[in-house]
Amino acid sequence: MKQHPSLKCTEHRPWPLPEKNWRWCQQWQNLVFIHWSIDKDWLQKQLPSGLELDLYDGQAWIGIVPFSMKGVTLRGCPAPRFLCDFPEINLRTYVTRKGKKGVWFFSLDVPNALAVWAARTFFHLPYYNARIKTTEHAHQVNYHSVRNEVEFDGTYIPEKFIDATGNSFESWSTERYCLYSVNSQGRLFRGDIHHKRWPLQCASIEIRKNTFLNGMPIGDMHPSVLFSRSIDVVVYDLVRDD
Numbered sequence: 001m002k003q004h005p006s007l008k009c010t011e012h013r014p015w016p017l018p019e020k021n022w023r024w025c026q027q028w029q030n031l032v033f034i035h036w037s038i039d040k041d042w043l044q045k046q047l048p049s050g051l052e053l054d055l056y057d058g059q060a061w062i063g064i065v066p067f068s069m070k071g072v073t074l075r076g077c078p079a080p081r082f083l084c085d086f087p088e089i090n091l092r093t094y095v096t097r098k099g100k101k102g103v104w105f106f107s108l109d110v111p112n113a114l115a116v117w118a119a120r121t122f123f124h125l126p127y128y129n130a131r132i133k134t135t136e137h138a139h140q141v142n143y144h145s146v147r148n149e150v151e152f153d154g155t156y157i158p159e160k161f162i163d164a165t166g167n168s169f170e171s172w173s174t175e176r177y178c179l180y181s182v183n184s185q186g187r188l189f190r191g192d193i194h195h196k197r198w199p200l201q202c203a204s205i206e207i208r209k210n211t212f213l214n215g216m217p218i219g220d221m222h223p224s225v226l227f228s229r230s231i232d233v234v235v236y237d238l239v240r241d242d
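In this note's numbering, the protein residues as written are 1 to 242.
If you are wondering where the hints come from, they were derived from the structure by calculation, not from laboratory data. In this text, all values refer to a predicted model and were calculated from it rather than measured experimentally. Among the hints, a few may not be true.
[To be verified] No farther apart than 30 Å at their CA atoms in a straight line, the calculated lysine-lysine pairs in the BS3-like style are these:
no. : residue 1 : residue 2
1   : K70       : K2
2   : K70       : K196
3   : K8        : K98
4   : K98       : K160
5   : K40       : K209
6   : K160      : K2
7   : K160      : K8
[Claimed, not checked] Restraint ranges, calculated between C-beta atoms of paired labels, are given here:
no. : residue 1 : residue 2 : range
8   : K2        : Q59       : 41 to 49 Å
9   : P78       : P199      : 22 to 30 Å
10  : Q59       : A113      : 33 to 41 Å
11  : W42       : G186      : 31 to 39 Å
12  : E11       : R229      : 36 to 44 Å
13  : N183      : H137      : 24 to 32 Å
14  : K40       : H139      : 21 to 29 Å
15  : G166      : Q44       : 21 to 29 Å
16  : Q140      : P78       : 26 to 34 Å
17  : N183      : K100      : 13 to 21 Å
18  : L17       : D57       : 23 to 31 Å
19  : N214      : K160      : 28 to 36 Å
20  : W15       : Q44       : 30 to 38 Å
Positions of the beta carbon are idealized from the N, C-alpha and C atoms, including for glycine.
Please take these sequences and the hints and turn them into a complete structure.
Structure representation (structure tokens):
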């Protein structure tokens, strides 16, 4: 099998690739990263035992990331486009365990029942069915997602490219190479992912409605809104991490 394009560059990883082959490949497009400060004591209580909040300069952050998934494919099993291309919006925070910094998801919304089933079954992730409409015109991305009372409606526009390296917030919040999840028995799992370094741009954003954060003790939105046009990703099987 031809080497996946994301695996041509691995030197930037904070730990080695898993020894086993990747299980899923996909491409993420038109991502925007939006972050708000949040009370760290409250947020830590929302996490499962074994995960510790990863703070930036002593502050906890919660993020909303709307984007589009393209070519979501199980290794060796190509699927029709209507099954593997769909938008997603997730609500997340940043955690660490045994020196491996990753992402914890509170919700992931997609308009794809099969994707919801697969992600819940194989990755123990809190995926939900939602109605999502996204359009792009002249580099402007319009994104509208509705799931019951949970709604996001906004428009974002990419601007200049940035070099997110070192200890910057931009690097800290994006260069993550695993996710964590918990199954129905409360067992903790880690799922490694791999991609090249994020090609990032600043972005301007207009948020017309956002109820994802209702009831949460959030503070100000971070001034650095980030955009990425496209990145190729491989995802590995979960491993027990308890």
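Open item on the list: Within 13 to 21 Å: is that where the Cβ-Cβ distance between N183 and K100 falls?
Closed with: 19 Å Cβ-Cβ, so the 13 to 21 Å window holds.
TODO: For the range 22 to 30 Å, tell me whether the beta carbons of P78 and P199 fit it or not.
DONE: Given a distance of about 26 Å, which is inside 22 to 30 Å, the answer is holds.
TODO: Return holds or violated for the Cβ distance of K2 and Q59 against the range 41 to 49 Å.
DONE: Since the Cβ atoms of K2 and Q59 sit about 43 Å apart, the hinted range of 41 to 49 Å holds.
Task: K160 and N214 - C-beta distance against the hinted 28 to 36 Å - done: holds, 33 Å
Open item on the list: Does K160 sit within 30 Å of K98, going by the straight-line distance between their CA atoms?
Closed with: Distance ~36 Å between K98 and K160 Cα, so the pair is violated.
- [ ] Kindly confirm whether 33 to 41 Å is satisfied by the beta carbon distance between Q59 and A113.
- [x] Once the Cβ atoms are compared, 37 Å apart, the range 33 to 41 Å for A113 and Q59 holds.
Open item on the list: Is 24 to 32 Å respected by the C-beta to C-beta distance linking N183 and H137?
Closed with: Check failed, 42 Å falls outside 24 to 32 Å.
Open item on the list: For K70 and K2, compute the direct alpha-carbon distance and say whether it is at most 30 Å.
Closed with: Roughly 19 Å between the alpha carbons, so the hint for K70 and K2 holds.
Open item on the list: A range of 21 to 29 Å was offered for this pair. Does it hold for the Cβ distance of G166 and Q44?
Closed with: Cβ of G166 to Cβ of Q44: about 26 Å, so the range 21 to 29 Å holds.
TODO: Could you see if the CB distance from L17 to D57 stays within 23 to 31 Å?
DONE: holds, 30 Å
- [ ] Determine whether the Cβ-Cβ distance between Q140 and P78 falls within the hinted range of 26 to 34 Å.
- [x] At 32 Å between Cβs, range holds.
- [ ] Sort out whether K196 lies within 30 Å of K70, counting only the CA atoms.
- [x] Holds. K70 to K196 sits at ~17 Å (cutoff 30 Å).
The structure is inconsistent with the numbered hints 4, 6, 11, 12, 13, 14 and 20, although it conforms to all the rest.
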